[in-house]
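Enquirer: Position chain B against the provided structure of chain A, taking the given hints into account.
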Amino acid sequence: MRRWLPPTLTVVGLLILWQVYTTVSGIESWLLPSPKDIWDAFVDQRDVLATHTLATTELTLLGFAAGVATGLLVAVLLHLIPGVRAAVYPLLVISQNVPTIAIAPLLVVWLGFGIAPKLVVIVLVCFFPVAVATLDGLGRSDAAINDYMLMSGANRRQLFTKLQWPAALPAMFSGLKIAATYSVLGAIIAEWLGSEEGIGRYMIAQKSAFRADRLFVAIAIIVVLALAIFGLVRLAEKLTIRGRASGRS
Amino acid sequence: MAALEVSELSHSFGSLDVLSDISLRVGQGEFVSIVGPSGSGKSTLFHLVGGLLKPTAGKISIGGEDAVGRRGLIGYMPQAPALMPWRTIEDNVVLARELGGVRKKEARGLAREWLSKVGLDGFARSYPHQLSGGMQQRVAFLRALLADKELICLDEPFSALDAMLRAEMHRWLLDIWEQNRRSILFVTHSIEEALLLSDSVYVFTRRPATVLERVEVPFDRPRRDEVVDDPTFIRLRRRLTDLLTASPR
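Note that the protein sequences, when read in sequence, are chains A and B.
Note that the first sequence covers residues 1 to 249 in full-length UniProt numbering.
Note that the second sequence covers residues 1 to 249 in full-length UniProt numbering.
Don't read these hints as lab results, they were simulated from the structure.
Idealized CB from N, CA, C, for every residue including glycine.
Errors might be hidden in some of the hints.
[To be verified] Simulated crosslink set (DSBU-like; lysine-lysine; CA at most 35 angstroms straight-line):
hint: 1; chain 1: B; residue 1: K104; chain 2: A; residue 2: K177
hint: 2; chain 1: A; residue 1: K162; chain 2: B; residue 2: K54
hint: 3; chain 1: B; residue 1: K59; chain 2: A; residue 2: K162
hint: 4; chain 1: A; residue 1: K162; chain 2: B; residue 2: K117
hint: 5; chain 1: B; residue 1: K104; chain 2: A; residue 2: K162
[Unchecked claim] Okay, the calculated beta carbon distance ranges per label pair:
hint: 6; chain 1: A; residue 1: R242; chain 2: B; residue 2: G109; range: 16 to 24 angstroms
hint: 7; chain 1: B; residue 1: S132; chain 2: A; residue 2: T161; range: 27 to 35 angstroms
hint: 8; chain 1: A; residue 1: A65; chain 2: B; residue 2: S190; range: 54 to 62 angstroms
hint: 9; chain 1: A; residue 1: A143; chain 2: B; residue 2: T241; range: 29 to 37 angstroms
hint: 10; chain 1: A; residue 1: V224; chain 2: B; residue 2: S38; range: 27 to 35 angstroms
hint: 11; chain 1: A; residue 1: R242; chain 2: B; residue 2: V102; range: 21 to 29 angstroms
hint: 12; chain 1: A; residue 1: V223; chain 2: B; residue 2: A160; range: 47 to 55 angstroms
Only chain A is shown next, with the shape it has when bound in the complex (with noise of 0.2 angstroms):
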């Protein structure tokens, strides 16, 4: 509860300047709302923002599990298949070079407006850094297990499931948190692309109708979800990681 608190404080602190400022200054709400005025826009729309939000949370929540999925995939068969990491991780780097805006309008030529472009968006900012923790921590068991697991008998299965898995689970998890936050904003940008439905989608509209109070709604909407899709993660972490102090053999 304590550690809450003065993150707390220190936004509330901020809500109040903000109020007071626009307050103050006389600024155009078009141009800069008020909390107040965001506040008023969100309950004004709410009905309208539960069905974006819903559909963005889907569409979210697909992408993030399609993504971890290709990450896992890839990070283990890099790491089984000998000779496939050199290969192919250079490959994966450049992969995340080339902006996922730039290659959007390409996808949507090649798979059409259906949920299929979208999805591969969010694989595309989620997959890469759960592939590249979850591979470093395969890497990185420690070697004196690793010579009792061999003078013991053990096969290369059971080192995979017994030693080398286990051991990664730490460094995987900090790949899911990165690809949590990295979800959403590759849902929104998916919807960007052209959607019926979602917070994306919603956000274009506002913007052409200058509507910036309702902007700020979609943004904190955007926060919210992130968060909550991270404190998932974190949920499962607590979970599945025991046994070590803070992280730590």
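Expert: For chain B alone, coordinates are given in the frame of chain A:
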């Protein structure tokens, strides 16, 4: 039939000769130690006996069977405890059995029984980081013992412990071993430790290591702590010290 028979064993890493023409024997139920200067290839010998390496020349047989390059024939306790930080103590203890195909759940009962026998009751569900260094070493020894192999190899297991704890561990190890005779090959660079624990001691030279001498230790079992004050003990210690310091480069 000897638990371990090593004959005319030599090993080189490239042009670096590490072991040269080593012959040694551990009889059934015998406690045999190897003392030698640091870096005299004692760990390489273990890696050869454990099947991690194949010797350049020579024979190794365990329980009468050819053991060159065969893993999983010995119980092994490494220098560092090398416990898995994500496993509970009981699950660490059963690891070697698990590698041999016994289900974890079946082996746990035995682990708990043994943990209370060796003064670790109440720690079955703890994790390694919650235990002191000495307790972790006990767990590592128990894991080697419960691998259920006739031959147990211990690689300088107490070198990281302070003198007081070391003496306590010697007593503890002897108590367990005297009640559960196995064949033990024990590597150390402490002459006193070797004399206190063993039936016979092999003295190794510097690299490339060869057997300088084999010394029989004549004291009765169970061995008393006062044996260190015995004139024969003191004479043997003097003799081994001279051998080690005079050992040619």
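Enquirer: Hint compliance check: list the failing hint numbers for this structure, sorted ascending.
Expert: Failing hint: just 10.
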